[in-house]
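Novice: This is what each chain is made of:
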Amino acid sequence: NAGVTQTPKFQVLKTGQSMTLQCAQDMNHEYMSWYRQDPGMGLRLIHYSVGAGITDQGEVPNGYNVSRSTTEDFPLRLLSAAPSQTSVYFCASSYRVQNTGELFFGEGSRLTVL
Amino acid sequence: AQKVTQAQTEISVVEKEDVTLDCVYETRDTTYYLFWYKQPPSGELVFLIRRNSFDEQNEISGRYSWNFQKSTSSFNFTITASQVVDSAVYFCALSEAATGRRALTFGSGTRLQVQP
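Residue numbers (this note's numbering), protein chains in the order written: chain V, -13 to 100; chain R, 833 to 948.
Keep in mind that a hint or two might mislead.
Stated by the list, open to error - Examples of chain V residues lying across from chain R (beta carbon under 8 Å, computed): (1) Glu88; (2) Phe91; (3) Gly94.
In case anyone wonders, no lab produced these hints; they're calculated from the structure. Glycine residues also receive a C-beta, built at the ideal position from the N, C-alpha and C atoms.
Please work from the sequences and hints to get the whole structure.
Specialist: Pasting the structure below:
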């Protein structure tokens, strides 16, 4: 039972490069989300999805794109990386669309933008 | 707008001491949910508890207990007889049940260090 799987775990980019953080869950959860964690700021929501084909912006969406073509996958795309996007990224899913249930987190992806 | 404040940035205790982590929240909704998550040094986030706004009963789970007080908008977390394995960053979070952004709003976290 894999739960929420994120890849890669570590990535170093140069300013302006693009990349995709992958997230997959095998729990048939409707709700999936991406958070970023920065020192002293807790976790902030980037984008979320309440089902295949439905996505919406969170608190800090600028510079990131998402799509949800299947229930299982929710990739996060950085189109033109900037040093301000250096962070630890967490994907999370939940079985309740209203997000009143427990969030299941991936192990995180540490991204450094030089 | 919803907000969660964890005023204690870092707490250091000696093993077997009791410690309380504070959490104060702001919301305009009457129905909401409060959470605590633990992030050990390995980095993953572990769910500890969920509490809805209509249930003010305190909860105890082993050495962990939670005190929810709507009158002071607080949801504090106490670890009794702390152990080195309790060393982690602890996050309090809030979710509003009304339609709107479906997300958890996290506090900035409290780093707990338990010294042997």
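Novice: Check each numbered hint from earlier against the structure, then list the numbers of those it violates in ascending order.
Specialist: none
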